[in-house]
Amino acid sequence: MQMRRVVVTGMGAVSPFGRGVECLMANLTAGQSAVTAVPELARITGLRSWVAARVPGIDPKQIPRKFRRSMSSMSVFATLASYDAIAQAGLTPEACTSGDLGVVIGSTIGPTQVIEEFFRDFFTDRSLERMRSTLFFQIMNHSCATNVAQALDITGRILAPAAACSTGCQAVGYGYELIAMGKQEFLLCGGADEFHPLSAATFDVMTAASTRYNDCPRRTPRPFDHDRDGVVCGEGSGILLLESLESARRRGARILAEVLGFATVTDPISIANPGAESMATCMQKALLDGGLAPGDIDYVNAHATATLQGDPAECEAILRVFGDGIPVSSLKGHLGHTMAASGALELIATVEMLNRGTLLPTLNLDAVDPSCAGVRHVRGVEAIPIQRAVKNSFALGGVNSSLIVGRYAYD
Amino acid sequence: MTDQEIIQGIDKALLEEFEFNADDMRPEAALGETLGLDSLDYVDMVIVLERAFSFKIRDEEAIRKIRTLGDIHAFVIGKYRQQEREA
Chain L
1 MQMRRVVVTG MGAVSPFGRG VECLMANLTA GQSAVTAVPE LARITGLRSW
51 VAARVPGIDP KQIPRKFRRS MSSMSVFATL ASYDAIAQAG LTPEACTSGD
101 LGVVIGSTIG PTQVIEEFFR DFFTDRSLER MRSTLFFQIM NHSCATNVAQ
151 ALDITGRILA PAAACSTGCQ AVGYGYELIA MGKQEFLLCG GADEFHPLSA
201 ATFDVMTAAS TRYNDCPRRT PRPFDHDRDG VVCGEGSGIL LLESLESARR
251 RGARILAEVL GFATVTDPIS IANPGAESMA TCMQKALLDG GLAPGDIDYV
301 NAHATATLQG DPAECEAILR VFGDGIPVSS LKGHLGHTMA ASGALELIAT
351 VEMLNRGTLL PTLNLDAVDP SCAGVRHVRG VEAIPIQRAV KNSFALGGVN
401 SSLIVGRYAY D
Chain F
1 MTDQEIIQGI DKALLEEFEF NADDMRPEAA LGETLGLDSL DYVDMVIVLE
51 RAFSFKIRDE EAIRKIRTLG DIHAFVIGKY RQQEREA
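Respectively, the protein sequence lines represent chains L and F.
Each step along the first sequence adds one to the number in this note's numbering, with nothing skipped, and position 221 is 221.
Each step along the second sequence adds one to the number in this note's numbering, with nothing skipped, and position 70 is 70.
Same shape as in the complex, but just chain F (with noise of 0.2 Å):
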C-alpha cells in the first residue's frame, strides 16, 4: 500500500466515523478545534483505526501527542510500515 493510499484509508474511515465535512480534511486541521473531536471521539478514533488497518495502537505513547489530521496520517504511516518490517 502507498503513502497515498492510506492517508485515503485514514480519512475514509475518520469521514464514515465521525461525519466530518470533507473540505475540512486538511492536513493541518486541528483534531479538536477543527474538526471538533473531544475525548469521547478521541477513543473511538483508536478504535475506527485499529480496525481499519489491523494494529493495535492504543497504548503507544505517540499517541498522546497526535493533534492534527497530518500527524493521524503520520503516525499511521510509521507504523503501518513498522508492521511491514515485523512481518
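Next up, chain L with everything else stripped away, as it sits in the complex (with noise of 0.2 Å):
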C-alpha cells in the first residue's frame, strides 16, 4: 500500500500553564513550574502527595451550553485545545463537516470528579431521581473525543484510546497511520486528563508520588535528578491538527511538523513497573518504521515522571538506542505529569522546539543521578538547530510509545 506522508498544521494547548501554545512555550523557555501545593489534598487520610499542576484561569463559558452541558473539564480543555488547532490550521467549518475530519482523542478514566459527586448524592437515599441527564456523556469513555466533535460539527471518524499516560502519544500515532492509510483526510489527534486526588493517590500508593516537597511545590518533580521522590500529577489536554502533506499543500496550510515514525508495544514483564529493554524496543520500531537510523534523531523527549525506576530504565533505553551524545530532557519538572494529556502537550513543544531551533533544559535537574548517567542531559536552554525529534510516552500497564517528528523542509 502506498502510504501518504503526513504534517501537523495546528496545535492547541490548554496547559498548567494556562491556554494557549505561546503561554506554553514561554513559561517553559522561562524555565517555570506550574506546579503549586494543593491544601485539600493535606486533608486526605493517607495521602501523602500534596502537590499537583493543575489548569489556572480557563472560562469554559467560552463553549456554548448547548455543548458544554455534556463535558466534564477534560472535554472542556479538549475543545479549547481543539479550537485553536482548527484556528491555527485554518481549517473551515465547511471542511470540519465534509466527512473528512475526524478525532481521536483519549483520556485515561473518566472524570472522578463528577462521579464521586453523583455517588454521593446518590448514597445518601440511593435516589436516581436527581441524576442529570447529562451524566453519562460526561463519564463515558469517549467523552472527550465526542464532545470536541460535537462542538466542532465534526462528521468523519471517531477514535478514543486509553492508555493511561500513553495515550496522547498513541493518539497522534493512531491518527498519523489512519492518514497515512488515506482513511481520513484530517484528524485532531491528543489527550486530556483532569486531576482528582485519586490521580494522586493512585502513585502515592504504589510509593511513585513526590512527598517531600509539598512545602516548596516548583523543586518537584525532578526528573533525572539525585533527589526525585515520584510523579506530580496535572491535567490538562494537547491537541494536534494532523493532515496530509498533498492536503496541507493544497491548502496552502503553514506546515508546523511532519508525523515521520510511530511505534507503540506492550512490555508483560510488569504491569507497574518499566523495562529498558520494551522501551528501547518501542524506539527502534518508530525508527524502522520511518525508515530511520539512530544518527537521524537529534533529540529525545523523555517521558521521565521522576520516579526511582523510569527514569533510569529511559535513560539505559535511549543510551542503548542512541547512545551518549543525544541531547535528551523531560518537562514533567515545568508541567508535572498531566497524564493523557502528556504525550501531545509534550510533542507539542517538541515541535516548537523543532521550529526555534532551541532545546529546553529538564527543571529541576540540579544533580544527575548515577542511575540516570551517560546520556547527554539538556541542561539549560540550548540554541541548537535540529532536525528531527522522538517523543517517548511510557504508561502504567506496560503500554509505551514513541512517536518521530521533524521539521517539514520546503521545497
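Check each hint, because a few of them may be wrong.
To be verified - List of simulated lysine-lysine pairs, BS3-like, C-alpha gap at most 27 Å:
#, chain 1, residue 1, chain 2, residue 2
1, F, Lys12, F, Lys56
2, F, Lys79, F, Lys12
3, L, Lys66, F, Lys12
4, F, Lys65, L, Lys61
Don't read these hints as lab results, they were simulated from the structure.
Each chain sits in its own coordinate frame; assemble them with the hints.
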C-alpha cells in the first residue's frame, strides 16, 4: 500500500500554565514551574503527596452551553485546545463537516470528580431522581472525543484510545497511521485529563508520587535528579491537527512539522514497573517505521516522570538505541505529569523546539543521579538547530509509545 | 409565597441552569423554539424545579403538555398551591 506523508498544521494547548501554545512555550522557556501546593490534598487521610499542576484561569463559558452541558473539565480542556488547533490550521467550518475531519482523543479514565459527586448524592438515599440527563455523556470513555466532535460539528471518524500516560502519544500515532493509509484527510489528535486526588493517590499508593516537596512545590518533580521522589500529577489537554501533506500543500497551510514514525508496544514483564528493553524496542520500531537510523535523530523528549525506576530505565533504553551523545530532556519538571495529555502537550513543545532551534532543559535537574547518567542531559536552554526528535510516553499497564517528528523542508 | 415570588423563583432557577438571555424570558416564550431547550434539557428542567420548590413532578401528566415559560409558571404555581392545601 502506498502510504501518504502526514504533517502537523495546527496545535492547541491547555496546560498547567494556561491556554495557548505561546503561553506554554513562554513559561517553559522561562524555566517556570506550574506545580503548586493543593491544601485539600493535605486533608485526605493517607495521602502523602500534596502538590499538583492544575490548569489555571480557564473560562468554560467560552463553549456554548448546548455543548458544555455534556462536558467535564477534561472535555472543556480538549475542546478549547481543539478550537485553537483548528484556528491555527485555518480549517473552515465546511472542512469540519465534510467527513474528511475526524477525532482521535483519549483520556486515562472518566472524570472522577463527576462520578464522585454523583455517588455522594446517590448514597444519601439511593435515589436516581436527581440524576442529570447529561451525566452519562460526561463519564463515558469517549467523552472527550465525542464532545469535541459535537462542539466542532465534525462528521468523520472518532477514536478514543485509553492507555493512561501513553494516550496522547498513541492518539497522534494512530492518527498518523489513519491519514497515511488514506482513511481520513484531517484528524484532531491528542489527550486530556483532569486532576482528582485519586490521581495522586494512585501513584502514592505505589510509593511513586512525590511527597518530600509539599512545602516547596516548585522543586518537584525532579526528573533524572539524585533527589527525585516521584510523580506530580497534572491536568490539561494537548491537541494536534494532523493532515496529509498533499492536503496541506493544496490548502497552502503552514506546516509545523512532519510525523515521521510511530511505534507502540506492550511490556508484559510488569503492569507497573517499566523495563528498559521494551522501551528500547519501542524507539527502534519507531525508527524502523520512519525508515530512519539512530543518527538521524537530534533530540529525545523523554517521558521521565521522576520516579525512581522509570527514569533510569528510560536512560538505559536511550543509551542503548542512540548512544551517549544525543540531547535528552523531560518537561515533567515544568508541567508535572499531565497524564493522557502529556504525550501531546510535550509533543507540541517538541515541535516548537524544532521550529525555534531551541532545546529546553529538564527543570529541577540539579544533580544527575548516577542511575540516570550516561546520556547527554540538557541542563539549560540551548540554541541548537534540530531536524528530528523522538517523543516518548511510557504508561502504567506496560504501554510504551514513541513518535518521531521532523522539521518539514519546503521545496 | 405570592404568585409573583414563585414566578421569580422559577425564572431565577431556570436562568442559572440554562443561561437564557434574560430578555427572552417572557411568558409566551416557547421552551424549544425561543429558549432553545431540547429533550435532555426538559429532563434537567424537572430536576431543577423539584430542587427549587421541594416537590416531585417527574411523573405528572401535565408536565408533558408544557410548551411555554408561562405554562411552567402556571403549572408550578398550581402544584405549589396544591401542596400548601395538603400540608
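Checked hints:
| no. | hint | verdict |
| --- | --- | --- |
| 1 | F/Lys12 x F/Lys56 | 19 Å, holds |
| 2 | F/Lys79 x F/Lys12 | 18 Å, holds |
| 3 | L/Lys66 x F/Lys12 | 19 Å, holds |
| 4 | F/Lys65 x L/Lys61 | 32 Å, violated |
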